[in-house]
Amino acid sequence: MKELKIRKLGRLIGPYPYNPYFIFLIFFALFLSRFSPVIPTQPFGLQRWLTTAVVLSLSLIPSSLFALIAYIFQKYRPWSSKNLFAYICEVAIGQSALILCAPFIREILRKFYHFNFQSPLTLTPGFFLGSLMIALIMLALMHKAERKILDRLDLANNLVSKLESERIGLIHSDEKLRRHASQFLHDRVQSDLMVVGMKLKSISKQTSPEVSEIIEGAILRLENTRASDLRNLIQILTPNLEAGGLHSAFDVLLEQYRADINVTVQIGKATEGLGSQVLLGIFRIVEQSMLNSLVHGPASRIQISVNTNSECVTEIIVSDDGPGASIEEVVTGVGTAIIDSWVGILKGIKEIDSAPGHGYQLRVTFPK
Amino acid sequence: MRPTRLVYIENDPALRKILGEILSKSPDLELIASFSGSDEAMNREIIRKADVALVDFSLDQNGLNGVELGIALRNINEYIGIVIYSQFSVRPMVNRVPKTMRAGWSFFNKSADMTVENYAKILKSTASGKGNWEEFLQEEDNSQEAEASIFFTLTPRQRSIMSLSVQSKSPQDIAEQLGLSYSYVRKELSRAYAVLLPNAKDSDDLKTAAVLKYMELMKIS
Chain A
1 MKELKIRKLG
11 RLIGPYPYNP
21 YFIFLIFFAL
31 FLSRFSPVIP
41 TQPFGLQRWL
51 TTAVVLSLSL
61 IPSSLFALIA
71 YIFQKYRPWS
81 SKNLFAYICE
91 VAIGQSALIL
101 CAPFIREILR
111 KFYHFNFQSP
121 LTLTPGFFLG
131 SLMIALIMLA
141 LMHKAERKIL
151 DRLDLANNLV
161 SKLESERIGL
171 IHSDEKLRRH
181 ASQFLHDRVQ
191 SDLMVVGMKL
201 KSISKQTSPE
211 VSEIIEGAIL
221 RLENTRASDL
231 RNLIQILTPN
241 LEAGGLHSAF
251 DVLLEQYRAD
261 INVTVQIGKA
271 TEGLGSQVLL
281 GIFRIVEQSM
291 LNSLVHGPAS
301 RIQISVNTNS
311 ECVTEIIVSD
321 DGPGASIEEV
331 VTGVGTAIID
341 SWVGILKGIK
351 EIDSAPGHGY
361 QLRVTFPK
Chain B
1 MRPTRLVYIE
11 NDPALRKILG
21 EILSKSPDLE
31 LIASFSGSDE
41 AMNREIIRKA
51 DVALVDFSLD
61 QNGLNGVELG
71 IALRNINEYI
81 GIVIYSQFSV
91 RPMVNRVPKT
101 MRAGWSFFNK
111 SADMTVENYA
121 KILKSTASGK
131 GNWEEFLQEE
141 DNSQEAEASI
151 FFTLTPRQRS
161 IMSLSVQSKS
171 PQDIAEQLGL
181 SYSYVRKELS
191 RAYAVLLPNA
201 KDSDDLKTAA
211 VLKYMELMKI
221 S
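Sequences listed follow chains A and B, in order.
Using my numbering, read the first sequence as starting at 1 and increasing by one per residue.
Using my numbering, read the second sequence as starting at 1 and increasing by one per residue.
In isolation and in its complexed conformation, chain A is listed as follows (with noise of 0.2 Å):
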C-alpha cells in the first residue's frame, strides 16, 4: 500500500521537471509576474479589466503550450532520462530557449498592446547565467536524489518480486514431489499389492485348507495395507480432488484430527466449478490454517467454509474457537508461509482476525 502511495506521488511529481503540471505552474507563474505589473498602470474600470484578461491570456497560452511541449518530450524523448549529462543540457537549452524568447515577447506586446511595461528584475547577461548555474545545480541535486530513491524502490520491488516467485517455485516443486511420491504408491505399490493378493487368492484355492487359511490372513493384511493405510497416505500426500473433490479430501484430511478436535465443513455448491489447482490451493490452505489451530491453538471447534459467490469470487473462512490473540501478537511462521504464497498463487487477499479468548479466524478471497 505504502509503495502504492510512492508511485502514485511519484507519477504527480515526476520525473522532474518533464511533469507537465509542474512545467505549466511554474511558466505560469513567471509569466504572470512578468506582465502583472503593467495591470495597476491602467485606469480603473473595463480596461483595467480587459488588461487582467489579456495577461491572464498572455500566461496561460504560453504556459500551456510548454506543458504540452513537456508532455511530448518526456514521453518520446530518444535517449534515457537516467543520463544526468544529457538531462543537465536539455534544461540549460529549454531555459536559454525561453530567455531568448523572452525580448520577442516584450516587443509583441509593445507594439499591439501599447504595453509598455519594466519588468521587475531587469535582465543582464550576468544575471541570466547566475541563475541558470544555481537553478541547473538545484535540478541536478533534485534530480539524482529522486533517482536514486525511485532506483532502491525498484531495487526493493524486485527483490520482493524475486522472493515471491521462488516461493512460488518451491510451493510448485513441493507439490510434484507429493505427486510423484503418491502416483508412484498409487500406480506400483497399490496395484502390486493387489496383484500379489489375486494371485495368492488363486493359489490358496489349489491347496490344503490349512495352507489356504493362512493364505487368507496374508491376503487380509495385504488388504488392509493396500486398502486403508496406503490410501490414507496417499490422500495425505496429493488430495484425490478429480475423484472426490474438496468434501472427500477434506473428510481423509479431518479423519486424522476427529480425535482431538471437533471440525464443521461448509462446502458451497458452486465450488465444484473451480479448476483442480484452484481447489488444491484451498485444500492447502485450509489444512495448514487448521494445523495452526490446533498447534497455536488449541481449539476444540474449528468451522470452515468454502462458498464462491455469483460474482466468481471464491471465500475461504477458517475459524475456530481457540484461545485467541491480539492481532499484533499473532506469529508466523511456516504454515503462514504456505498459505501466503497460495494466496498469492491464486491472487486472493488473506485477512486474519483474533481477538484475545474469542479464537481465530482467516479469511481469504480470490476472484476466478
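Check before you lean on any hint, since a few could be wrong.
Taking lysine-lysine and the DSS-like style, the derived pairs with C-alpha atoms no more than 25 Å apart in a straight line are [as the list claims (entries may be wrong)]:
| no. | chain 1 | residue 1 | chain 2 | residue 2 |
| --- | --- | --- | --- | --- |
| 1 | A | LYS201 | B | LYS25 |
| 2 | B | LYS169 | B | LYS219 |
| 3 | B | LYS124 | B | LYS17 |
| 4 | A | LYS162 | A | LYS347 |
| 5 | B | LYS169 | B | LYS130 |
| 6 | B | LYS17 | B | LYS121 |
| 7 | A | LYS199 | B | LYS121 |
| 8 | B | LYS201 | B | LYS187 |
| 9 | B | LYS169 | B | LYS124 |
| 10 | B | LYS124 | A | LYS201 |
| 11 | B | LYS17 | A | LYS205 |
| 12 | A | LYS269 | B | LYS99 |
| 13 | B | LYS187 | A | LYS350 |
| 14 | B | LYS124 | B | LYS25 |
| 15 | B | LYS17 | A | LYS201 |
| 16 | A | LYS199 | B | LYS207 |
| 17 | B | LYS25 | B | LYS130 |
| 18 | A | LYS176 | A | LYS368 |
| 19 | A | LYS205 | B | LYS25 |
| 20 | A | LYS347 | A | LYS176 |
| 21 | B | LYS187 | B | LYS207 |
| 22 | A | LYS199 | B | LYS17 |
| 23 | A | LYS201 | B | LYS121 |
| 24 | A | LYS205 | B | LYS121 |
| 25 | B | LYS130 | B | LYS49 |
| 26 | A | LYS350 | A | LYS269 |
By construction, these hints were calculated from the structure, which means they are not laboratory data.
Guided by the hints, dock chain B onto chain A, whose structure is given.
Frame of chain A, contents of chain B only:
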C-alpha cells in the same frame, strides 16, 4: 441366454492381465476387449457391441478419468452399463455422474478379496440397467451445522464484543474495556446483528434478540 459382453479398461498391465484372465473364465461373461487407456477405449465398433464396461477410475494422468470415460462411452452406446472401480474411495465419485445418466452405473473399491462370481454379479446387474450408485449418495442434513456456522461466521472481534454485550455492557463500556473506539464498536455490533439475525425487521428489538441468539449459540458451541 448369451453371456454379458464386457469391455475392460485398466492402465496397469499386470492387473489388466490377471483380472482379464479371471473374468474370461466366468461362463456369465464374455470379455470382448481390454484397453489400457481412454484413447484406445474410444473404439466405436467395439463399444456399440458391449453390454457393460469395467473401468478403472485412475487412467492416464493427462487424459480422461474413469467417470469421464464412462460418460463418453455412454455417448457412443447409450445402453452400456458402466462399472467404476478404484483404489480411491468411490463414494464421492457418484456426484460426478450427471443425474440423468445415473441408471446403469455401479461403483466399487478395488479388492483382491473379490471372487469372479462377485464381479460377474455386479457387471451383469449393471448391464441390465441397475446400479449401486444410490448406496453412495450422502444424505444432506446440515441443520445443526448451519446453526454452528453462525457462531463461527462472527469474527473473533465481533465475538468478544458480543460476549460483553451479553453482560449488559453498553457500547461505550465495551469500547473502553477493549481499547477500541465507540464508533468501531457500534459498527461491529450492527455487523454482528446482521449475521445473528439475518431476517430481522427494523421494528424488532435487535439488541435483545441478538443477545439471546448469541447465548443460544454459545450453548451449542
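Here is how each hint holds up against the structure:
1. Of the pairs offered as hints, the one joining A/LYS201 and B/LYS25 holds, with about 15 Å between alpha carbons and a cut-off of 25 Å not exceeded.
2. Note on B/LYS169 and B/LYS219: the hinted pairing holds, with a Cα-Cα distance of about 20 Å set against a maximum of 25 Å.
3. For the hint linking B/LYS124 to B/LYS17, the alpha-carbon distance of about 21 Å falls within 25 Å, and the restraint holds.
4. For the hint pairing A/LYS162 with A/LYS347, the CA-to-CA distance comes to about 16 Å; that is within 25 Å, so the pair holds.
5. With a C-alpha separation of about 64 Å, the suggested pair B/LYS169 and B/LYS130 falls outside the 25 Å cut-off, and the hint is violated.
6. Restraint check for B/LYS17 and B/LYS121: satisfied, since their Cα atoms lie roughly 20 Å apart, inside the 25 Å limit.
7. Distance check on the hinted pair: A/LYS199 and B/LYS121 sit about 21 Å apart at the alpha-carbon level, within 25 Å; holds.
8. For the hint pairing B/LYS201 with B/LYS187, the CA-to-CA distance comes to about 18 Å; that is within 25 Å, so the pair holds.
9. At most 25 Å may separate the alpha-carbon atoms for a hinted pair to count; B/LYS169 and B/LYS124 exceed this at roughly 70 Å.
10. Our distance criterion of 25 Å between C-alpha atoms is met by B/LYS124 and A/LYS201, whose separation comes to about 23 Å.
11. Of the supplied pair hints, the one linking B/LYS17 and A/LYS205 holds, its CA atoms being roughly 19 Å apart against a limit of 25 Å.
12. Pair hint A/LYS269 plus B/LYS99 holds up; C-alpha atoms about 15 Å apart against a cutoff of 25 Å.
13. Of the supplied pair hints, the one linking B/LYS187 and A/LYS350 holds, its CA atoms being roughly 22 Å apart against a limit of 25 Å.
14. The straight-line distance between the Cα atoms of B/LYS124 and B/LYS25 is roughly 15 Å, inside the 25 Å bound, and the hint therefore holds.
15. As the CA atoms of B/LYS17 and A/LYS201 are separated by approximately 15 Å, the hinted pair is consistent with the 25 Å bound.
16. The straight-line distance between the Cα atoms of A/LYS199 and B/LYS207 is roughly 70 Å, outside the 25 Å bound, and the hint therefore fails.
17. Restraint check for B/LYS25 and B/LYS130: the C-alpha separation of about 24 Å stays at or below 25 Å, so the hint holds.
18. Distance hint between A/LYS176 and A/LYS368 is fulfilled; the C-alpha atoms sit about 23 Å from each other, no more than 25 Å.
19. A threshold of 25 Å between alpha carbons decides the hint, and for A/LYS205 with B/LYS25 the separation of about 15 Å falls inside it, so the pair holds.
20. Distance restraint check for A/LYS347 and A/LYS176: the Cα-Cα separation of roughly 21 Å lies within the 25 Å cut-off, and the hinted pair is therefore satisfied.
21. At roughly 13 Å between alpha-carbon atoms, B/LYS187 and B/LYS207 fall within 25 Å of each other, so this suggested pair holds.
22. A threshold of 25 Å between alpha carbons decides the hint, and for A/LYS199 with B/LYS17 the separation of about 11 Å falls inside it, so the pair holds.
23. Of the supplied pair hints, the one linking A/LYS201 and B/LYS121 holds, its CA atoms being roughly 19 Å apart against a limit of 25 Å.
24. Simply put, A/LYS205 and B/LYS121 have alpha-carbon atoms about 20 Å apart, close enough for the 25 Å limit, and the pair holds.
25. For the hint pairing B/LYS130 with B/LYS49, the CA-to-CA distance comes to about 19 Å; that is within 25 Å, so the pair holds.
26. For the hint pairing A/LYS350 with A/LYS269, the CA-to-CA distance comes to about 23 Å; that is within 25 Å, so the pair holds.
This entry does not satisfy hints 5, 9, 16, going by the numbered hints stated previously.
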